[in-house]
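Enquirer: Taken in sequence, the protein lines are chains X and A. Numbering of the first sequence is given in the working numbering, commencing with residue 965 and proceeding in unit increments. Numbering of the second sequence is given in the working numbering, commencing with residue 965 and proceeding in unit increments.
Derived from the structure by calculation, the hints contain no laboratory data. Small disclaimer: the values here were computed from a predicted structure and weren't measured. Hints may contain errors.
Given that identical chains are not distinguished, each listed pair holds provided it fits within a single copy or across any two copies.
[What the hints assert, rightly or not] With a straight-line Cα cutoff of 35 Å, these simulated DSBU-like cross-link-like pairs (lysine-lysine) come out:
1. 1034 <-> 1230
2. 1385 <-> 1108
3. 1315 <-> 1511
4. 1348 <-> 1099
5. 1315 <-> 1240
6. 1230 <-> 1315
7. 1448 <-> 1315
8. 1240 <-> 1321
9. 1034 <-> 1099
10. 1480 <-> 1121
11. 1034 <-> 1341
12. 1099 <-> 1500
13. 1121 <-> 1341
There are 2 protein chains.
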Amino acid sequence: MLRGLIQEVPLLISSLITHASRHHGDAEIVSRTVEGPAADGSGAIHRYTYRDAHKRARQLAQALARLGVKDGDRVGTLAWNGYRHFEAFYGISGMGAVMHTVNPRLFPEQLVYIINHAEDGYMLFDLTFAPLVEKLAPACKGVKGWIAMTDRAHMPKITLPNLLCYEELVAAENGNYEWPQLDEYTASSLCYTSGTTGNPKGVLYSHRSTVIHAFAAALPDALNISARDVMLPVVPMFHANAWSLPYGCAMVGAKLVFPGAALDGKSLYELFEAEKVTVSAGVPTVWLALLMYAGQEKKKFSTMNRTVIGGSACPPAMIKTFQEEYGVQVLHAWGMTEMSPLGTVSTLKAKHLKLSKEQKLAIQSKQGHNIFGADMKIVDGEGKDLPWDGKVFGDLLVRGPWITSSYFKGEGGDPLRLDEKGQGWFPTGDVATIDPDGYMQITDRSKDVIKTGGEWISTIDLENIAVGHPAVAEAAVIGCFHPKWDERPLLIVVKKPGAELTREELLKFYEGKVAKWWMPDDCVFVDQLPHTATGKLLKTKLREDFKGHKLPTA
Amino acid sequence: MLRGLIQEVPLLISSLITHASRHHGDAEIVSRTVEGPAADGSGAIHRYTYRDAHKRARQLAQALARLGVKDGDRVGTLAWNGYRHFEAFYGISGMGAVMHTVNPRLFPEQLVYIINHAEDGYMLFDLTFAPLVEKLAPACKGVKGWIAMTDRAHMPKITLPNLLCYEELVAAENGNYEWPQLDEYTASSLCYTSGTTGNPKGVLYSHRSTVIHAFAAALPDALNISARDVMLPVVPMFHANAWSLPYGCAMVGAKLVFPGAALDGKSLYELFEAEKVTVSAGVPTVWLALLMYAGQEKKKFSTMNRTVIGGSACPPAMIKTFQEEYGVQVLHAWGMTEMSPLGTVSTLKAKHLKLSKEQKLAIQSKQGHNIFGADMKIVDGEGKDLPWDGKVFGDLLVRGPWITSSYFKGEGGDPLRLDEKGQGWFPTGDVATIDPDGYMQITDRSKDVIKTGGEWISTIDLENIAVGHPAVAEAAVIGCFHPKWDERPLLIVVKKPGAELTREELLKFYEGKVAKWWMPDDCVFVDQLPHTATGKLLKTKLREDFKGHKLPTA
């Protein structure tokens, strides 16, 4: 092999903060503190620069090294979006250890499993989670120290034998530290997926995957981040690398604004305005709350010009409201923890610019087209490629330099599917269509799709129709055993309080909205539907509960 | 080392065209043909899509393989910007061979040296260069075949024993070809720098460096390319990867418009308008011609909103004219062949948005701040870091994953300078300042800077002042021996035809414009100044010619 004669500089996470510090040294990082304001009102907002953050990240790396943290050791965090968490992103990964963001919203038994499975040697936590930590600590014997992310004055009143103070650890170091020149394939960070079945599975990112993903995330067709932006990540830093924002913003020198624990509409709105935020990112639920606040208080956004919406499908009405009422462009994005997380963003192509508002909205409502680096395809049950016609749907597979090859410690099975060339593709667990322009739209989860007489029915489509009925609060559709068709759709519905609705009325509501063979065979009313800790519909539970349900058509 | 569990997908040039074909398959590539229109007017413009280009690039790869081209073999091009050249970029590199773009504007003896040094096994050439090829061929014995980039009907009437027809070669193949999954460090492309001294030196890029550089080039703070853009690269494809545009545009699915050989103002303007070009890129000379045409004909740009200007420093007046008279934003960029080529782009930061037009123009007139991946610093004669205050100037060094480590075959010496950490930095040969915001401004070439009594004087600054005098057509400043100060500035001037100007008047013109000790010690008038084939001032020749010059101050 003839090798190119180019400097073999590794792609490292430490290079991102070094770059930000050198070339955008005075760009700000502003945080709403978890400690909140002091009696005199000070301390509610913390403000410093990339240059300061770079020094503190190196102090943190020194402190962790002094505690005995070595290459490849895992260090966990239970924390909101704030400057100390940002320092942890760089200090831990930068020194060669693995930064493990833990989602504090999971059930305590899941947290214990995750912390022990990851073998976190130290855990950093925000004050909010002190009571949680007190509960977890006895079951997490491998954790040598619990580091409260605060100063001595604010230390929580909990009794833990191995409680440490973040600010004291950092203050003891001088920051004269050179980031090690690691192999770029070195593990940098770890994040567990909380599926609806089985134990959480660990996704282990590398320095290389993180930096390449940050490049892709910052592109004009993705999140489009520049040194002229002020980014407020609402998406928690414990969700899949906060969608790369702590990395992508350092890469381009964008100002960062961290909201801390205050994620209600009012707090967010005030921070957007006070810090002149130009772009944000989060899940639909958060934006719903923000839009409700803005609507009630008749507020407009004076600087925000776009927002990234992902995590779950963004309702078209939300896109419309943001764009038409608030002048805020919506970047509808899709990805998953196993994808670092970005896969697609629904930005328009040149050919779409002359379309009507409604036509553009229809495109933006899809999950979007691939960013270079995350290739995708849809396949049938036998793994054969399906056409990109925007109608046929199949299992969605992805492949690229920031996509999982296997789970931490191999626990979670060998997920990849090999194609005819021997290349591994990751099955997303989603069922989707792809249109001729490459725009992907998720129609269902693979395990939820109803397989009836060899054909597939999307449960999400059927649920969306039910929720469109004025008397329906929430709806779920599952496949129910049918002796002739294998499975047929069963609709399970929670009515709005006080609403009147019969089974027959609701089934009739589907007429003309879907093909005849898609119509649910039955409808059942319940008081509530089961959910996971992160708010997803728990269809496994429903399938269990309705295992013996006899369809009238059977 | 704990390795991340992420798919180890190599960064390959073939992945770019595969992506464009799959996800932006119908985005267009439009070329003004070198053959020109037929008698019936057809054939002046060639139009196809990324999907078509992908197929033809694979056919070309098959054709070259059939000719015996193997991994690492060099295949040269002497060609304008057009679709066949684009196919060569992907077909040659994609198959594992090395795509060697040769600059047809060099002197024939340089071309012979370069083609023989590179050991090009095949040469692709545009019709324009048929007479040149006929001249070169006898001296380039290693070239097994000269491939005319045209169809049989347009084959040039030259007598070469090994003349081949591009379209015939391509037509003989079916395009059913899988791109090899190469090691990403594999050499992909080769480009020679034509310095002012010594033999041209070969810069050997890799697949990895090219793809990472394309990511960086497409970023919002760099060239900001998206799927909504129509890019017309005026910069020739034989100049340092055409500034990455053939790669970056495929990465994001931007429409490409290739101007062929017609680079005059009128032809470019008409193509801009006809194809709704939104962004372009080229050297100041080309833009001067375009602006003259637009000015004379009172034309405006109806779709172009920005243009990249690099290759040599862009005069502030040109930035002002583009922005204020034509509403076209200027992206002033700097780089070099050894840098793939991008290093800095002078885009504004958030803090600059509130500045006045004049203040913004002053920032844009600098070469700009680093894109992530191309770090830089300035050092003194001993290699010590100099401050970033926008005043002190020193040798500019760069480092990063798309920057040269050494020249092809090791010929050109070991260019890197090691820092105290043992990391290699490439000396650009430029002398520059860097301001506190990281904006770099080139003040001179290292070998041209005048070292007087331990201090440095920028010859470019002194030349710019002379050219500002209404009677001066062109000026050069060189260091001239001085017994006390080692060197002092000597000004060498070509007067405008018919202009009257004395030595004393011109020296007096410097008063108040520079520090006293910067003032030239002498001034000499000449009829013309020596230049290289690419139009650069040949100061080595001047230093030779004025070696014995006795300064009046000596």
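Enquirer: All hints are to be evaluated individually against the structure, with a verdict given for each.
Expert: Hints and how they fare:
Taking identical chains as interchangeable, the C-alpha atoms of residue 1034 and residue 1230 are never at most 35 Å apart, the minima being 42 Å within one chain and 64 Å between chains. Taking the closest pair of Cα atoms, residue 1385 and residue 1108 come within 35 Å of each other only across two copies (34 Å); inside a single copy the shortest separation is 46 Å, beyond that limit. Taking identical chains as interchangeable, the C-alpha atoms of residue 1315 and residue 1511 are never at most 35 Å apart, the minima being 49 Å within one chain and 62 Å between chains. For the identical chains of this complex, residue 1348 and residue 1099 are neighbours neither inside a copy (49 Å) nor across copies (54 Å), given an alpha-carbon limit of 35 Å.
Taking the shortest alpha-carbon separations for residue 1315 and residue 1240, both the intra-copy value of 32 Å and the inter-copy value of 12 Å come in at or below 35 Å. When the C-alpha separation of residue 1230 and residue 1315 is checked against a cutoff of 35 Å, the pair qualifies only between copies, where the shortest distance is 27 Å, while the shortest distance within a copy is 39 Å. Taking the shortest Cα distances, residue 1448 and residue 1315 never come within 35 Å of each other, neither inside one copy (46 Å) nor across copies (68 Å). For the identical chains of this complex, residue 1240 and residue 1321 are neighbours both inside a copy (28 Å) and across copies (22 Å), given an alpha-carbon limit of 35 Å.
In the homo-oligomer, the alpha carbons of residue 1034 and residue 1099 lie at most 35 Å apart inside one protomer (27 Å), although the nearest pairing across protomers, at 64 Å, exceeds that limit. For a Cα distance limit of 35 Å, the shortest separation of residue 1480 from residue 1121 qualifies neither inside one copy, at 62 Å, nor across copies, at 69 Å. Taking the shortest Cα distances, residue 1034 and residue 1341 sit within 35 Å of each other only across copies (32 Å), while inside one copy they are farther apart (40 Å). Taking the closest pair of Cα atoms, residue 1099 and residue 1500 come within 35 Å of each other only inside a single copy of the chain (25 Å); across copies the shortest separation is 73 Å, beyond that limit.
With identical chains, the CA atoms of residue 1121 and residue 1341 are never at most 35 Å apart, being 53 Å at best within one copy and 49 Å at best between copies.
In the structure shown, a violation is registered for the earlier hints numbered 1, 3, 4, 7, 10, 13, in ascending order.
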